[in-house]
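Single-letter residue listing:
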Amino acid sequence: MIRAAHRQPGFLAALLHRLSGLALAIFLPAHFIALGLALNGADALDSFLAVTRHPVAKLAEWALVIALATHMALGLRVLAIEFLPWRDRTAATVSACLGAALMVGLLFLLNAA
Amino acid sequence: MTAAMANEASAPLLDVEVWRGAAAGSFQTFRVPRRVNQTVLDVVSEIQRDQDPTLAYRFACRVGMCGSCAMVVNGRPRWTCRTRVALALGGAALLRLEPLRNFAVVKDLAVEMTDFFDKWRDAKGHFEPGPSPSEGFAVVPPASAQRQAADAGIECIGCGICHSACDVVAWDREYLGPAALNRAWTLLNDVRDRGNAARIAAVSAGSGCHLCHTHMSCTQFCPKGLAPTYAIAGLKRATVARALRRTR
Amino acid sequence: MSAALFIAQRLSAAVLALAVSVHLATIIYAARAGMSAADVLARTHGSFRFLALYAIFVLAVAVHAPIGLRNVLREWTTWRGRSLDIALGLFALLLLVLGLRAALAVFL
Numbered sequence: 001m002i003r004a005a006h007r008q009p010g011f012l013a014a015l016l017h018r019l020s021g022l023a024l025a026i027f028l029p030a031h032f033i034a035l036g037l038a039l040n041g042a043d044a045l046d047s048f049l050a051v052t053r054h055p056v057a058k059l060a061e062w063a064l065v066i067a068l069a070t071h072m073a074l075g076l077r078v079l080a081i082e083f084l085p086w087r088d089r090t091a092a093t094v095s096a097c098l099g100a101a102l103m104v105g106l107l108f109l110l111n112a113a
Numbered sequence: 001m002t003a004a005m006a007n008e009a010s011a012p013l014l015d016v017e018v019w020r021g022a023a024a025g026s027f028q029t030f031r032v033p034r035r036v037n038q039t040v041l042d043v044v045s046e047i048q049r050d051q052d053p054t055l056a057y058r059f060a061c062r063v064g065m066c067g068s069c070a071m072v073v074n075g076r077p078r079w080t081c082r083t084r085v086a087l088a089l090g091g092a093a094l095l096r097l098e099p100l101r102n103f104a105v106v107k108d109l110a111v112e113m114t115d116f117f118d119k120w121r122d123a124k125g126h127f128e129p130g131p132s133p134s135e136g137f138a139v140v141p142p143a144s145a146q147r148q149a150a151d152a153g154i155e156c157i158g159c160g161i162c163h164s165a166c167d168v169v170a171w172d173r174e175y176l177g178p179a180a181l182n183r184a185w186t187l188l189n190d191v192r193d194r195g196n197a198a199r200i201a202a203v204s205a206g207s208g209c210h211l212c213h214t215h216m217s218c219t220q221f222c223p224k225g226l227a228p229t230y231a232i233a234g235l236k237r238a239t240v241a242r243a244l245r246r247t248r
Numbered sequence: 001m002s003a004a005l006f007i008a009q010r011l012s013a014a015v016l017a018l019a020v021s022v023h024l025a026t027i028i029y030a031a032r033a034g035m036s037a038a039d040v041l042a043r044t045h046g047s048f049r050f051l052a053l054y055a056i057f058v059l060a061v062a063v064h065a066p067i068g069l070r071n072v073l074r075e076w077t078t079w080r081g082r083s084l085d086i087a088l089g090l091f092a093l094l095l096l097v098l099g100l101r102a103a104l105a106v107f108l
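Chains as they are written, first to last, in the numbering used here: chain A, 1 to 113; chain B, 1 to 248; chain C, 1 to 108.
Simulated from the structure, these hints should not be mistaken for lab results.
All residues carry an ideal CB built from backbone N, CA and C; glycine is no exception.
Warning: the hint list may mix true and false statements.
Here are a few chain A residues that sit away from chain B, every Cβ distance over 12 angstroms (derived from the structure) [unchecked claim]: (1) A23; (2) A30; (3) D46; (4) H54; (5) P55; (6) A63; (7) L64; (8) R77; (9) A80; (10) L102; (11) M103; (12) L106; (13) L110.
A short, non-exhaustive set of chain B residues, derived as facing chain C with CB atoms under 7 angstroms [unchecked claim]: (14) I157; (15) W171; (16) E174; (17) T239.
In silico negatives: residues of chain B with every beta carbon more than 10 angstroms from chain A [said to hold, decoys possible]: (18) L14; (19) R82; (20) F117; (21) D122; (22) L244.
Bound conformation, chain A alone (with noise of 0.2 angstroms):
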């Protein structure tokens, strides 16, 4: 149940802005220690990296694309509102930005699978 005060694309826009990036912070760490594992040569980090072919672990990849690129297009939107004189036409704003995120998320589906 949303509240009815809510049903505008503002709070949407900082919902999931919020909410892919906690997803992000999160995951950060796992990817940092992940990559660390190349300090043991490559076929280390390339036995990790066999567990990433397995199809969980692609959706998974492909959310976490979708999570940064929605977080950087509606990051944008609040810097331009903040730094420029953007007068948001907030429900336009919003879509743009969601579809630019899904473009790339859609490229990198197209590419890795």
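Once you have looked at the hints, place chains B and C on chain A.
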């Protein structure tokens, strides 16, 4: 039975859930006849006059000038005098009336406004003439950028709807809120004002303008069509400019 | 959030806008070319350019993420005050250390 009474008797009825109590309480359901062009203020007034005189609510001008009648109608903060029942219902079956969110409830639909105006004061939302009277009249070209920025937010009448709509106010009780910050921005752009150093410091405090996350609920619901979001963005820029000047 | 934290947050955001764009483009390019870990590492080994880019990336992240998290925790939980700031300072340090280690890992 007269024709009017017969009409009234067969008129469709409207179910209205009204908050009774203070912080603790419950909803009480009333029934009023539906009428053409009925406003929510019409409804709550009819309930109080004809059905339950103990119901507490506020109104004054009843023509959309004073902002006293603000409350939450079917989840949205509105002026009841300017809200047609038909519009407020949308597709819903009943009307639900609650006091403004983020305010302490005095009784039923009437809220305590003190904290709201305290934040106005804390944000330095008042004109500061300075230590000595100015010589002659200030020249303020209406088309100047600063005056236009002030004019964009000057019509605020302190009704509290933006404060009610704001999620950050709900999440952080210390947050100054869109109304106080919007007023601070109009004064920041008032070339006659001498208090801007203190004002920028006041809105740079821990729970100042930087907490705004551009949900834009304030702008969405302001009945005067103001945009506190952009006023707050202006304050953010002003605080950055000040910080950069200090590090020079 | 004070003015200082706000500036740090927005500044790091601007840096990340560039870094993330490059990173996303790189990911998609690598995925498209079907590169393996060894292929990727071959590009990053000994490349000062990649090291510099990722070091800046890590620094910006270590500033941006904890400040963002601070807002979320202060607003959505009852945790605030000194202990929160210290915990987030440690998180920033963690990101910095792990991140620079990872950048070095693909460089060396």
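Hints, one by one, checked against the model:
The beta carbon of A23 (chain A) is kept farther than 12 angstroms from every beta carbon of chain B, the shortest such distance being approximately 17 angstroms. Separation of A30 (chain A) from chain B is adequate, the least Cβ-Cβ distance of about 27 angstroms exceeding the 12 angstroms criterion. With 12 angstroms as the threshold on Cβ separation, the claim that D46 (chain A) sits away from chain B holds: the shortest Cβ distance comes to roughly 42 angstroms. The beta carbon of H54 (chain A) is kept farther than 12 angstroms from every beta carbon of chain B, the shortest such distance being approximately 36 angstroms.
With a closest Cβ-Cβ approach of about 36 angstroms to chain B, P55 (chain A) is found to remain outside the 12 angstroms limit, as its non-interface label requires. Look at A63 (chain A): its CB is around 23 angstroms from the nearest CB on chain B, clear of 12 angstroms, so calling it non-interface holds up. For L64 (chain A), the condition that its CB be more than 12 angstroms from all CB atoms of chain B holds, with the nearest at approximately 23 angstroms. Its closest Cβ contact with chain B, about 8 angstroms, brings R77 (chain A) to no more than 12 angstroms, contrary to its assignment away from the interface.
Remark: the non-interface label on A80 (chain A) conflicts with the geometry, its nearest Cβ contact in chain B lying 10 angstroms away (cut-off 12 angstroms). Here L102 (chain A) stays apart from chain B, with its beta-carbon at least about 21 angstroms from theirs, past the 12 angstroms limit. Chain B leaves M103 (chain A) outside its interface by the beta-carbon criterion, the shortest separation being 23 angstroms against a cut-off of 12 angstroms. Every CB of chain B is more than 12 angstroms from the CB of L106 (chain A) (nearest about 27 angstroms), matching its label as outside the interface.
Non-interface status of L110 (chain A) relative to chain B is upheld: no Cβ of that chain comes within 12 angstroms, the nearest being about 32 angstroms off. With a least beta-carbon distance of about 29 angstroms to chain C, the hint placing I157 (chain B) at the interface is violated under the 7 angstroms criterion. For W171 (chain B), the interface hint holds, the least distance from its beta-carbon to any beta-carbon of chain C being 4 angstroms, beneath 7 angstroms. Taken as an interface hint, E174 (chain B) does not check out: its beta carbon lies about 10 angstroms from the nearest beta carbon of chain C, beyond 7 angstroms.
Satisfaction of the interface hint for T239 (chain B) is found here, the shortest Cβ-Cβ separation to chain C being roughly 5 angstroms, below the 7 angstroms cut-off. The beta carbon of L14 (chain B) is kept farther than 10 angstroms from every beta carbon of chain A, the shortest such distance being approximately 18 angstroms. In this structure R82 (chain B) is separated from chain A by more than 10 angstroms, as the shortest Cβ-Cβ distance comes to about 17 angstroms. Consistency note on F117 (chain B): stated as away from chain A, and its beta-carbon is indeed over 10 angstroms from all of that chain's, at 22 angstroms minimum.
At the 10 angstroms boundary, the C-beta of D122 (chain B) stays outside the reach of chain A, the nearest C-beta of that chain being 22 angstroms off. Non-interface status of L244 (chain B) relative to chain A is upheld: no Cβ of that chain comes within 10 angstroms, the nearest being about 13 angstroms off.
This entry does not satisfy hints 8, 9, 14, 16, going by the numbered hints stated previously.
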